[in-house]
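Chains as they are written, first to last, in numbering that gives the first Met the number 0: chain A, 0 to 313; chain B, 0 to 313; chain C, 0 to 313; chain D, 0 to 313.
Because the hints were derived from the structure by calculation, they are not lab data. Some clues are possibly wrong.
The list makes no distinction among identical chains, and a pair is therefore deemed to hold if it is satisfied within one copy or across any two copies.
Once the Cα atoms are required to be at most 25 Å apart in a straight line, the calculated PhoX-like pairs of lysine-lysine come out as [unchecked claim]:
no., residue 1, residue 2
1, Lys303, Lys15
2, Lys144, Lys210
3, Lys40, Lys277
4, Lys15, Lys172
5, Lys154, Lys144
6, Lys70, Lys10
7, Lys10, Lys43
8, Lys111, Lys43
9, Lys303, Lys95
10, Lys40, Lys303
11, Lys172, Lys7
12, Lys4, Lys15
13, Lys145, Lys7
14, Lys10, Lys40
15, Lys143, Lys10
16, Lys70, Lys43
17, Lys111, Lys4
18, Lys172, Lys10
19, Lys7, Lys111
20, Lys172, Lys145
21, Lys311, Lys277
22, Lys277, Lys154
23, Lys40, Lys143
24, Lys154, Lys311
25, Lys210, Lys303
26, Lys210, Lys143
Protein chains: 4
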Amino acid sequence: MTYVKDFKWEKGLNVKDLVNQYNNLGFQSIELARATETIIKMKKASAKVFFTFTSNMVTSGLRGFFAQLIKLGIPDIIVTTVGGLEEDIMKAYGEKFVIGDFRSDDVALYEKGVNRVGNLYITNESYCNFENIMLPILSKLYQKKKRWAVSEMLKEIGFMLNDEDSILYQAAKNNVDIYCPAITDGAFGFHLFMFQQDHDDFIVDVVKDFKNILLSTSQDDIKGLISLGGSISKHHAIFACLLNGGLDYAVYMTTAHEKSGSMSGATTNEAKSWGKVKDDSDAVTVIGDATITFTLAMISALEKLNEEGLLKNG
Amino acid sequence: MTYVKDFKWEKGLNVKDLVNQYNNLGFQSIELARATETIIKMKKASAKVFFTFTSNMVTSGLRGFFAQLIKLGIPDIIVTTVGGLEEDIMKAYGEKFVIGDFRSDDVALYEKGVNRVGNLYITNESYCNFENIMLPILSKLYQKKKRWAVSEMLKEIGFMLNDEDSILYQAAKNNVDIYCPAITDGAFGFHLFMFQQDHDDFIVDVVKDFKNILLSTSQDDIKGLISLGGSISKHHAIFACLLNGGLDYAVYMTTAHEKSGSMSGATTNEAKSWGKVKDDSDAVTVIGDATITFTLAMISALEKLNEEGLLKNG
Amino acid sequence: MTYVKDFKWEKGLNVKDLVNQYNNLGFQSIELARATETIIKMKKASAKVFFTFTSNMVTSGLRGFFAQLIKLGIPDIIVTTVGGLEEDIMKAYGEKFVIGDFRSDDVALYEKGVNRVGNLYITNESYCNFENIMLPILSKLYQKKKRWAVSEMLKEIGFMLNDEDSILYQAAKNNVDIYCPAITDGAFGFHLFMFQQDHDDFIVDVVKDFKNILLSTSQDDIKGLISLGGSISKHHAIFACLLNGGLDYAVYMTTAHEKSGSMSGATTNEAKSWGKVKDDSDAVTVIGDATITFTLAMISALEKLNEEGLLKNG
Amino acid sequence: MTYVKDFKWEKGLNVKDLVNQYNNLGFQSIELARATETIIKMKKASAKVFFTFTSNMVTSGLRGFFAQLIKLGIPDIIVTTVGGLEEDIMKAYGEKFVIGDFRSDDVALYEKGVNRVGNLYITNESYCNFENIMLPILSKLYQKKKRWAVSEMLKEIGFMLNDEDSILYQAAKNNVDIYCPAITDGAFGFHLFMFQQDHDDFIVDVVKDFKNILLSTSQDDIKGLISLGGSISKHHAIFACLLNGGLDYAVYMTTAHEKSGSMSGATTNEAKSWGKVKDDSDAVTVIGDATITFTLAMISALEKLNEEGLLKNG
């Protein structure tokens, strides 16, 4: 039986000790502490670790952290949406996003060519520059071959970037596949379309990529998932694991609630009915903004994994 | 100046008059009434109407209503995720889903072969039957041609179904394109993969479909959007409209809030900064479970559109 | 076993038939339909019905509906917070609230003497007029006696009003007690304080009122609760019922979720662990804005209760 | 212009440096960092600091932290609900709460005499013991005088406890008034009622306490607020400050959203329309579970205040 303990601050408190205290604190803090423990367990069990996130997580500035996690050997497979990958490329080419306000005057922003994502701003200029980046990239890809599975294409692009803080770059370098089942849903898709206008034999093969994610693990692998936000990135990883016998470890971090039956809000409990998460698995759902909950839980896990020498290049 | 009026029940109150009363009631009820007005305006303006929904909306039982809306001429273009389309096909073949409980024993459900989506259940058997349905469908498609844009494929499948309550059937019959940018993210994707194993030249061309959605409207068209839930279905429709000059009318219905910067929670205000929604547009965001908010707002709009003779086959 | 049925619109659909369809629709719609059934059951069982709501429900315009429900004999006991009672009095004296916008310029509103509650506005003038109303009321009360339990005071005030749409008026007239455990938390409290400055022997006895709510039902009574929103009004009714053996019927309607351990988000399930809700009770939690969910569920119940002649003055 | 920076982990990262990084991270993390800055500013400006929290915050285990904050001189005035004060007393007498599960079998818990609050458990035994504690306390109070303002009573009780980790104890010792506008809404209220049965002249004067909170600050004082959760504790502090000219600094931490017009979800922006928060104030709303967001923001503020010698007994 674990008792609630009176929480206390001590001078110079570090993140690991804060999360340790969360083990005796109620509501979402204990769930967050359990997420840390679950991440540690999946790494100790040498699980194949799926890591999924929505595009806004990249917008938020977690991009550098995700790149670092790849370098440190945390995820084996990534699933995400295309918006975040576009921004990863933009940032690799020097674009900057601005901290703004949730209650901005959106019409005024529009007139200044500024696009709002919550309390962040991205300029139209960044998207224009992206166009100039994408054209030569697609030409190079086309020269290599005509039919690309999405993850192969993304790996190739990763090798073209030169930014230690880039997700695509680190993923390519560290042989972590990035799956993006809705690759056309964004500016990237627009540029694919423009390119295909002149190169009708240029094929983006999403079916092939389903094979790739399916074969990325097997029934015999121990499988873990860290999922930030909902959307198809979450569903795609879970579904691929379901087909291979279900997850042994799962951490869901989301702001969505289960009561509307959405995938974003679906819990690890619901997942057990599907066999998506094994019934004797370690599984935890943490409700809250992942810029806060994930940084806390993951840093705490990194500290402990590092102590035990379980980080790559650590 | 619109004043709050004391709400009153009258015997036999119908949905239209209920929503009319919401025009003088605060918080989400007035937003819902505004959604009704916005839907009416987009139809009166002969806007090209995009309609997007997440898969769980189909699971919920709104499938029959969506099919009816297509028949009545409400949407011109549909964007959704693949899970709902799978279920539309299952139901066209007689599968039934069960009303259950949010707090089910999920391990017990698993042992019985029952999968939970919120407070609904789908059996494994339904998914097994789906496999038997999909194989001949894909064979027929392949015999026709080898390379398919997603929306073309979905139209073809729609014609193969024979169910007045099917979304795919009514969409095919009424020439409403269905876009599904992440077509592989579900059992449908698994069967595409299995089929491609034996037919390597079978291509699902998502890039081509981006062209199709882009050309489905033009800069000159008046454009409207009714979006239920978030995810890529919402984003994809908005993005396609943005590239054609932005939306003139927009109704977002979601349970997500804007404070985590997600697409699901992104408001029509935020959309204005992007030019996704024009600054002088009619745009409204309604927070709540769409099984309730959408049925209310849409039925109220249908009653009024019907009175004015603006419904097809009405 | 209840199956999901394809939802359909029929011309002239009334609220009762809409909610009947919700019995076969997933997520919050089925929970809403269950709320209707639970309300009907509690009335048929002649339960003592507690009805609780937060102040913003009165601000919203539901005030007239609440007054109507009292007239129709739905609630036996009301628990609420003081802000709504202040507004009930203001409106009885002709004050009007305005439908506004969630994204107003709040500093500009302030300069105009307009106070915002979500998308509604209340003017400073309304509060000034309230001061002129309260002084003579308190004088009259003081002339009658010096020590008042809160519910006795509120009944006396109800008799002084002359507005069919007033909650306080209808409650007084129909002998429904209104409990308000935090009577000082608002402008009402300020005027009580001002009055006590000159009349030190003027006592508002909250402890006495706890006795009153406790004795308003007994162990032997069948007890039901309809609770809108959270806060102390919800807790107070539940706690009073717990001390008398727990609720037989409970409907919670709230926008809050259970994951932060708050009373607002606490579910009827959690209540069972306390014995607040009996384990074999009919209990349902509906997530959503009560201006929508409550009007729907309650109107649907009223139609059915009316058909069976179970409404007072119906 | 503040730019988004790629977030990075460094070994041994402490809480202060984590929150510093949040200054360049989007969505709720930057709001949390702003909360830290706002707390620091209110202390540097020697503001009178109101601190409000809902009962579940005490249940969670933050009780010890709140007591520590009082000792360190952070709050000047506390407003809360009675449930948390009951638990503060229980814990001072050795009662323990248990970490449990959100998805417990609530009927089974009930049969074991265990009450659930989210993922925490409190036993019936703790409540029984509380009864034995309260009786002598009330007798002692009654011997002193017959008519008590709530805050005076709570201070007296604080002096009777002997637990460094008790909120009531530290508040009494450090001359921090605790206001509890709904003192009867819980087991405490039940014992007040039982006591009054035999001592009819025992008066709990809530009107007098409104005077006390109103006079606890003046128009001339600089005023700050840190509010966790919603409910009357939040409203009461804001209202008392409004009557004294409004807040100069405000930090709201809540899981509630503004779209249903509730006090729990009301933002610092909305507060500006009322003059509750001055238009040129530093004000920030952080959405998330306060067991996480508050510990992070407050610890980060404590570290910085300590460096500048601004903590009492620091």
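Give me the numbers of the hints this structure contradicts, sorted from smallest to largest. The structure breaks hints 4, 8, 9, 13, 15, 19, 21, 22, 23, 25; every other hint is satisfied.
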